[in-house]
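Build out the structure end to end from the sequences listed, making use of the hints.
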Amino acid sequence: MRRTMVEAIIASHTKDAVFPGSVCQVSVDFAFANDITAPPAIAEFKKMGAVRVFDPERCAIIPDHFTPNKDIASAGQSRAARIFAREQGLKYWEVGRVGVEHAFIPETGNALPGEIVIGADSHTCTYGALGALGTGMGQTDLAAVWALGETWLRVPETIKVVMNGKPSKWIGGKDLIIHLIGLIGVEGARYMSLEFHGEAISALSMDDRFTMANMAIEAGAKCGLFVPDEHTLAYANARKSRDFTPAYPDDGAKYFRTVEIDASQVEPTVALPHLPGNAKTARECSSIEIDQVFIGSCTNGRLSDIETAARVLEGRKVHERVRLMVIPATYEVYNEALDRGWVRIFTDAGASVCTPTCGPCMGGHLGILAEGERCVSTSNRNFVGRMGHKNSEIILASPLVAASSAIAGHVADPRDVPNL
Amino acid sequence: MSDANGMKISGKAWVYGDNVDTDVIIPARYLSTSDPERLAPHCMEDIDDVFASSVRPGDVMVAGANFGCGSSREHAPIAIKALGVSCVIAASYARIFYRNAINIGLPILECPEAASAGAVKKGDEMAVDIATGRIENKTSGHVWNAAPAPEFLRGLLSAGGLVPYVRARLERSK
Numbered sequence: 001m002r003r004t005m006v007e008a009i010i011a012s013h014t015k016d017a018v019f020p021g022s023v024c025q026v027s028v029d030f031a032f033a034n035d036i037t038a039p040p041a042i043a044e045f046k047k048m049g050a051v052r053v054f055d056p057e058r059c060a061i062i063p064d065h066f067t068p069n070k071d072i073a074s075a076g077q078s079r080a081a082r083i084f085a086r087e088q089g090l091k092y093w094e095v096g097r098v099g100v101e102h103a104f105i106p107e108t109g110n111a112l113p114g115e116i117v118i119g120a121d122s123h124t125c126t127y128g129a130l131g132a133l134g135t136g137m138g139q140t141d142l143a144a145v146w147a148l149g150e151t152w153l154r155v156p157e158t159i160k161v162v163m164n165g166k167p168s169k170w171i172g173g174k175d176l177i178i179h180l181i182g183l184i185g186v187e188g189a190r191y192m193s194l195e196f197h198g199e200a201i202s203a204l205s206m207d208d209r210f211t212m213a214n215m216a217i218e219a220g221a222k223c224g225l226f227v228p229d230e231h232t233l234a235y236a237n238a239r240k241s242r243d244f245t246p247a248y249p250d251d252g253a254k255y256f257r258t259v260e261i262d263a264s265q266v267e268p269t270v271a272l273p274h275l276p277g278n279a280k281t282a283r284e285c286s287s288i289e290i291d292q293v294f295i296g297s298c299t300n301g302r303l304s305d306i307e308t309a310a311r312v313l314e315g316r317k318v319h320e321r322v323r324l325m326v327i328p329a330t331y332e333v334y335n336e337a338l339d340r341g342w343v344r345i346f347t348d349a350g351a352s353v354c355t356p357t358c359g360p361c362m363g364g365h366l367g368i369l370a371e372g373e374r375c376v377s378t379s380n381r382n383f384v385g386r387m388g389h390k391n392s393e394i395i396l397a398s399p400l401v402a403a404s405s406a407i408a409g410h411v412a413d414p415r416d417v418p419n420l
Numbered sequence: 001m002s003d004a005n006g007m008k009i010s011g012k013a014w015v016y017g018d019n020v021d022t023d024v025i026i027p028a029r030y031l032s033t034s035d036p037e038r039l040a041p042h043c044m045e046d047i048d049d050v051f052a053s054s055v056r057p058g059d060v061m062v063a064g065a066n067f068g069c070g071s072s073r074e075h076a077p078i079a080i081k082a083l084g085v086s087c088v089i090a091a092s093y094a095r096i097f098y099r100n101a102i103n104i105g106l107p108i109l110e111c112p113e114a115a116s117a118g119a120v121k122k123g124d125e126m127a128v129d130i131a132t133g134r135i136e137n138k139t140s141g142h143v144w145n146a147a148p149a150p151e152f153l154r155g156l157l158s159a160g161g162l163v164p165y166v167r168a169r170l171e172r173s174k
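Those protein sequence lines, which keep their order, are chains V and P. Residue 295 in the working numbering sits at position 295 of the first sequence; the count goes up by one each step and never skips. Residue 23 in the working numbering sits at position 23 of the second sequence; the count goes up by one each step and never skips.
Take the hints with a grain of salt, since some may be wrong.
What the hints assert, rightly or not - Pair ranges (Cβ atoms, derived):
1. P:LEU157 with V:ALA73: 30 to 40 Å
2. P:LYS174 with V:ASP250: 34 to 44 Å
3. V:MET1 with P:SER158: 26 to 36 Å
4. V:ARG311 with P:PRO148: 48 to 58 Å
5. P:ARG38 with V:ARG82: 16 to 26 Å
6. V:PHE19 with P:ASP129: 25 to 35 Å
7. V:ARG311 with P:PRO150: 29 to 39 Å
Claimed, not checked - When the alpha-carbon atoms are kept at most 16 Å apart in a straight line, the in silico EDC-like pairs for lysine to aspartate or glutamate are as follows:
8. V:LYS390 with P:ASP49
9. V:LYS240 with V:GLU107
10. V:LYS169 with V:GLU107
11. V:LYS46 with P:GLU171
12. P:LYS122 with P:ASP49
13. P:LYS8 with P:ASP129
14. P:LYS8 with P:GLU125
15. P:LYS138 with P:ASP124
16. V:LYS47 with P:GLU171
17. P:LYS12 with P:GLU125
18. V:LYS254 with V:GLU157
19. V:LYS240 with V:ASP251
20. V:LYS390 with P:ASP48
21. V:LYS390 with V:GLU373
22. V:LYS390 with P:GLU45
23. V:LYS390 with P:ASP46
24. V:LYS390 with V:GLU371
25. V:LYS317 with V:ASP348
As the list claims (entries may be wrong) - Footprint (simulated), chain V over chain P, 3 or more residues, beta carbon under 8 Å:
26. 21-32
27. 60-71
28. 94-100
To be clear, the hints were calculated from the coordinates, so they are not data collected in a lab. Glycine residues also receive a C-beta, built at the ideal position from the N, C-alpha and C atoms.
Right, here's the structure in full:
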């Protein structure tokens, strides 16, 4: 049988028959939780009568959501996670050395092409950028993986997404993925795998691929997979923490449907409240005034994202009515931003620059919205109350649109920023 | 209300639309705990400020497509269950929520007909048989049948859920 990419990955991890709709017991290459999902996962692990994780080199806890601890209760959760990590000898990195999980895990070579990675966090699909089947589960499922080194997966149907043409220089992975979700809807790929093809995809940087794979879940997908190429293998080989075997789709594989997009026609795109599928061009929204801008998160807190924001803000000022929060996703990114002078560009422009953390993305800390406030955010969700008060609003955008908006004081297309 | 083994349910309906996400079911600002009793009072508060204080044990949530989309937080079905909601009926579920609900023992039924606009109104009296998937709107007199759970999941459910399943496997391998 000719296989789609997700079928090829699952087939290399199971003895069961692999076809869309079949349920397979699969081995898992890497399994992790964060400071919010680890404590309840640990409780379930103990209820299961488990004593040791299946392999401490393939299990991890990433303290990134409410860290550095935002209050006493969060400190307690971090402490429970830390104690378990030490008992088990599993992979754990402390505040000051860690980062937002879905930026940090690839950076440290802990998600690799051809692997199955299970995280107790919905954006585990980010590793699709590497050609890995990353998918999110709840804490009980994660506990079972820690105990057994296995899980069950229903083999998903695959939607082939072909992006042709050369996108303009104003377009990044964020514009392309919001455009796609706008097209197919927030449940357009529910239970399915998205598989990306086409010349516009081949030309994308790894950072742009991470952004797109990260938001596969916002179309309901189980995963969003990029076929490994020379960019993927260069990235993975430079960082790998173990050996890996990439998987590839077969020519002539059977797809549930094919969606074709001419990427040369995609404009800077935003998602209006309260769904990631409410796609509009940034220009259509230029009358919308804003109070805050957040540049960071597992979607857009990587090196090229921070660089893009710095280039826009160099020699410019954040609008007097706007608060700009820049949060590099990892210390590798943070240190580069220091070395290259970007942190000074941000503070000269009147922005705040914070330590790596999920921060305000899911309403944790460092930039919560008041009633009636509106934020342009480079994160992945704009649900009701996500970043603060239930009557606040989030507009999702690329780092380029977000930085342009921070200067303008309203949603702004970068092409409308003078001399950019 | 439910019978002795929790399979036959009766209660009032709480009705919501499409894409009820887990940030709405339990906002992340409350995730500095995973204690069901502390999560429950905040369930759905950003779109329905009386639900958590007014819902009665046995009541049923009825929603549209893609229920439980968004975050993987198991706190979402935990908060719903802790309020005594006896089951959720939706046109469809996001995949992580579906797994989580099964793992913690919150009955969920997929029934686009019962979930279609106007089929069930807020406060309608519902009777649901979880074992057969029979859904009755006693107020309107309509009856629907939900799609049965996939065979593999019925096996997991009959083992008592994921925790007993893993426990049994670990004991066998000793």
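Cross-check of the supplied hints:
For the pair LEU157 (chain P) and ALA73 (chain V), the supplied restraint of 30 to 40 Å holds, since their beta-carbon distance comes to about 33 Å. Distance hint for LYS174 (chain P) and ASP250 (chain V): a CB-CB separation of about 41 Å, consistent with the stated range 34 to 44 Å. One distance hint, 26 to 36 Å for the beta-carbon pair MET1 (chain V) and SER158 (chain P), holds here, with the actual separation near 31 Å. A hinted range of 48 to 58 Å for the beta carbons of ARG311 (chain V) and PRO148 (chain P) is consistent with their spacing of about 56 Å.
Checked against the given bound of 16 to 26 Å, the beta carbons of ARG38 (chain P) and ARG82 (chain V), roughly 22 Å apart, stay inside it. The supplied range of 25 to 35 Å is met by PHE19 (chain V) and ASP129 (chain P), whose beta-carbon atoms lie about 33 Å from each other. Take ARG311 (chain V) and PRO150 (chain P): their Cβ atoms lie about 50 Å apart, and the range 29 to 39 Å is violated. A hinted pair counts as satisfied when its Cα atoms are at most 16 Å apart, and LYS390 (chain V) with ASP49 (chain P) qualifies at roughly 11 Å.
Proximity of LYS240 (chain V) to GLU107 (chain V) is assessed by CA-CA distance (about 9 Å); at most 16 Å being required, the pair is judged to hold. For the suggested pair LYS169 (chain V) and GLU107 (chain V), the alpha carbons sit about 26 Å apart, so the restraint of at most 16 Å is broken. Taking the CA atoms of LYS46 (chain V) and GLU171 (chain P), the gap is about 13 Å. The hint holds against a cut of 16 Å. Restraint check: the Cα-Cα separation between LYS122 (chain P) and ASP49 (chain P) comes to about 15 Å, which is no more than 16 Å; the hinted pair holds.
Using a Cα cut-off of 16 Å, the hinted pair LYS8 (chain P) and ASP129 (chain P) holds, with the two alpha carbons roughly 4 Å apart. Restraint check for LYS8 (chain P) and GLU125 (chain P): the C-alpha separation of about 14 Å stays at or below 16 Å, so the hint holds. Taking the CA atoms of LYS138 (chain P) and ASP124 (chain P), the gap is near 7 Å; set against the 16 Å cutoff, the hint holds. Taking the CA atoms of LYS47 (chain V) and GLU171 (chain P), the gap is about 13 Å. The hint holds against a cut of 16 Å.
Between LYS12 (chain P) and GLU125 (chain P) the CA atoms are separated by roughly 5 Å; this keeps the pair inside 16 Å, and the hint holds. Between LYS254 (chain V) and GLU157 (chain V) the CA atoms are separated by roughly 9 Å; this keeps the pair inside 16 Å, and the hint holds. A threshold of 16 Å between alpha carbons decides the hint, and for LYS240 (chain V) with ASP251 (chain V) the separation of about 28 Å lies outside it, so the pair is violated. For the proposed pair LYS390 (chain V) and ASP48 (chain P), the alpha carbon gap of about 11 Å is at most 16 Å, so the pair holds.
Our distance criterion of 16 Å between C-alpha atoms is met by LYS390 (chain V) and GLU373 (chain V), whose separation comes to about 10 Å. About 9 Å separates the Cα atoms of LYS390 (chain V) and GLU45 (chain P), which keeps this hinted pair within 16 Å; it holds. Simply put, LYS390 (chain V) and ASP46 (chain P) have alpha-carbon atoms about 5 Å apart, close enough for the 16 Å limit, and the pair holds. Annotation: proposed proximity of LYS390 (chain V) to GLU371 (chain V) holds, straight-line Cα distance about 7 Å (limit 16 Å).
Between LYS317 (chain V) and ASP348 (chain V) the alpha-carbon distance is near 8 Å, which keeps this suggested pair within the 16 Å criterion. Chain V is given as covering the segment 21-32 of chain P, and this holds because 8 residues of the stretch bring a CB closer than 8 Å to a CB of that chain, at least three being needed. Coverage of a stretch by a chain is defined here by at least three residues with a beta carbon nearer than 8 Å to that chain's beta carbons; for the segment 60-71 of chain P and chain V the count is 5, and the condition holds. Closer than 8 Å: that is the beta-carbon criterion, and the segment 94-100 of chain P has 5 residues meeting it against chain V, so the requirement of 3 holds.
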